[in-house]
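Trainee: We have chain A; now place chain B onto it with these hints.
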Amino acid sequence: MSYKIEEQKVFNSGHSACPGCSEALALRFILNTLGSDTIAVVPPSCIAIISGPQPLSSMRIPVYQTTLEASAASAAGIKRALVSKGNHHTSVVAIAGDGGTYDIGFQALSGAAERGEDIIYICLDNEGYMNTGSQKSSATPSLAYTTSTPAGKLTPKKNVAEIMAAHKIPYMATATTGYPDDLARKVARAKEIKGGLRFIVVLTPCIDGWGIADKAGPRTSRLAVESGVFPLYEVENGENYTLNHGPSGISVADYVSGQKRFRHLSVGEVDLIQKEVDRNWERLEVKFCSEA
Amino acid sequence: MSAAVNRLLLSGNHAVSYAVKLARPNVIPVYPITPQTPILERITEFQSDGELAAEVITMESEHSAMAAAITASLTGVRVFTATASQGLLLMHEMLHYAAGARAPIVMANVNRTLGSPWGFWPDQTDSLAQRDCGWIQYYCENGQESHDTTLQAFRVAEEVLLPAMVIHEAFYVSHAMEAIELVSQEQVDRYLPPFDPPHRLDPRIGESWGNTVSQIMFQNHRRDMSEAMDRALEAAKLADRQLQRLVGRGHGIMERYRCEGAEFVIATMGSMTGTARDAVDELREEGLPVGLLKIKLFRPFPLEDVREALAGIPKVMVLDRNFSPGLGGILFQELKAALYGMDGAPQIHGYLAGVGGTNISPAAIKEMVCSAMTEKPTANSVWKG
Chain A
1 MSYKIEEQKV FNSGHSACPG CSEALALRFI LNTLGSDTIA VVPPSCIAII SGPQPLSSMR
61 IPVYQTTLEA SAASAAGIKR ALVSKGNHHT SVVAIAGDGG TYDIGFQALS GAAERGEDII
121 YICLDNEGYM NTGSQKSSAT PSLAYTTSTP AGKLTPKKNV AEIMAAHKIP YMATATTGYP
181 DDLARKVARA KEIKGGLRFI VVLTPCIDGW GIADKAGPRT SRLAVESGVF PLYEVENGEN
241 YTLNHGPSGI SVADYVSGQK RFRHLSVGEV DLIQKEVDRN WERLEVKFCS EA
Chain B
1 MSAAVNRLLL SGNHAVSYAV KLARPNVIPV YPITPQTPIL ERITEFQSDG ELAAEVITME
61 SEHSAMAAAI TASLTGVRVF TATASQGLLL MHEMLHYAAG ARAPIVMANV NRTLGSPWGF
121 WPDQTDSLAQ RDCGWIQYYC ENGQESHDTT LQAFRVAEEV LLPAMVIHEA FYVSHAMEAI
181 ELVSQEQVDR YLPPFDPPHR LDPRIGESWG NTVSQIMFQN HRRDMSEAMD RALEAAKLAD
241 RQLQRLVGRG HGIMERYRCE GAEFVIATMG SMTGTARDAV DELREEGLPV GLLKIKLFRP
301 FPLEDVREAL AGIPKVMVLD RNFSPGLGGI LFQELKAALY GMDGAPQIHG YLAGVGGTNI
361 SPAAIKEMVC SAMTEKPTAN SVWKG
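If you read the protein sequences in the order shown, they are chains A and B. Taking our numbering, the leading residue of the first sequence gets 1, the next gets one more, and so forth. Taking our numbering, the leading residue of the second sequence gets 1, the next gets one more, and so forth.
The set of hints was computed from the structure by calculation and includes no laboratory data.
Sample of chain A residues lacking proximity to chain B, with all beta carbon distances greater than 10 Å (derived):
#1 2
#2 135
#3 170
#4 222
#5 245
#6 269
#7 271
#8 288
#9 289
Here are the simulated distance ranges between beta carbons:
#10 B:193 - A:219: 56 to 64 Å
#11 B:48 - A:219: 54 to 62 Å
#12 B:249 - A:194: 45 to 53 Å
#13 B:367 - A:114: 48 to 56 Å
#14 B:115 - A:194: 36 to 44 Å
#15 A:162 - B:6: 53 to 61 Å
#16 B:48 - A:238: 26 to 34 Å
#17 A:60 - B:234: 34 to 42 Å
#18 A:162 - B:58: 25 to 33 Å
Glycine included, each C-beta is placed from N, C-alpha and C at the ideal position.
Chain A with its partners taken away, still in its complex shape (with noise of 0.2 Å):
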């Protein structure tokens, strides 16, 4: 499916992101998509720093940056003081990391999604605390090397699209750089839907914290999605099931031997991230085949 992806200038070149980065990537799409009258709030993130230092903005939107916990609170109060005004028009978006979204931001997540506040929320999820250093987060992925897991995470990503598709909210949906038109079509979806809080998973390799080339982003998200370890898809009211892009037969070994933090493992291991992947989409394969 193609969409037309919309170049209003609404991030700006010039930002400070390292060369090749997803999230820059991600956020020219999303915030091109999202159209200037929008709000955004950032929690502290690699989007926070691309955002820029006071008085400098990458973004030709209001950003509040609040505290790494509140993200969506801090959403909901903007889009509750808009309302208030009568101004129902103004698109709220939050853009958080993985950490500030599956671990220390979940429950004003968990609580903004279940109120049915009128936000939308964007995880760019790189796969850990990539803007201190590489650290683990709940996103990192099984057996991967992080700087506070340097023998390899033992225990598996949290899958926090299917919690957030349980919160029953209006439309949950995967996404990645490496898919820019299905991401642009998912946010431009994201705003249109009301009456609820829209959540958008992104995946955004990050070129340090993975040991990927400053070019091999694109790519690499790719892999993510054509080995199964990242299924594209769509979650409407906790129900209806939409896949988009899913595996194609490339292997997990595949998609893991570009990335240095995965370098240290044994075939013995991959194979059992194959294994768990296979499993993960097997579950969720069902999900697509009774919708059919």
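Mentor: Below, chain B alone, put in the same frame as chain A:
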């Protein structure tokens, strides 16, 4: 509307809820906690009955409640919330954030003991532990004062762009019923103009808040807050005088009670003031020259006013229903600091009285006065009660 119609039998907490309704806030993010809950309950009743047109957000935590309060305020609307004790502590991070963002939120805090162990009684340590967060702090003696002060707090906070806490104590004030004179809606509408700040989160304006800053920019932000606190002192005095002109009732930012010719002054904050006032009356009847100083505005601290009030008084006795481990009573320490270096500064006795909500009777206060009169003060606080 006649004065009789405006007189209701209310708890201290409901006295606050009525003031909130009259102030017409747009957004109220709030979380329940004992003994604050009646404030929240009455506000949600007002809203569901159509008497209060506010976005009431029943949050999943106090931390989130304050987070939403800050952004709603920065979006340019009037915001109220309420909490107590552990809830206030959970907000601590966001309290700094609110003041730094210059968000003029008004919050009621009901003083309650802090765990552990668990307790539900009046103790001011929860809010005094937030004294360095950059919030204006009012300590109210009774429900009437809380009602009037809530309205004043909106006016002062929005004038100087700092958040303000209106504080009263658990149960002794929060749940005690009194006849409360409500300010009328028409009077409040005259007293409190709509909040419409030029700087706000608005795509048409494009201003942002909270990015990283340089050292000098950070220092300048803090210096601006300091100047705002200085202005808050004058604004609080004016807001009290103006409300007094409107409704014939004022409370001041501090109160000197029977201090004429006093040689001994009891200083305290909150509900114990009422008890101390009775003790002063009895001691005066017994011929002892005793007066009372009630500190109502604790931040900004009315330094010059306190120095003037206590100049020439030989002895002061501070009653603290709070406790800073390792130092003692917080008001005791603040008063000593305020009077340091003053010519003829009084001797100060610091008594930890009523910590944990223990009851302090007028008779107990009289006993303390009598012993303090004959004793030398110690540098540390002394446990009483």
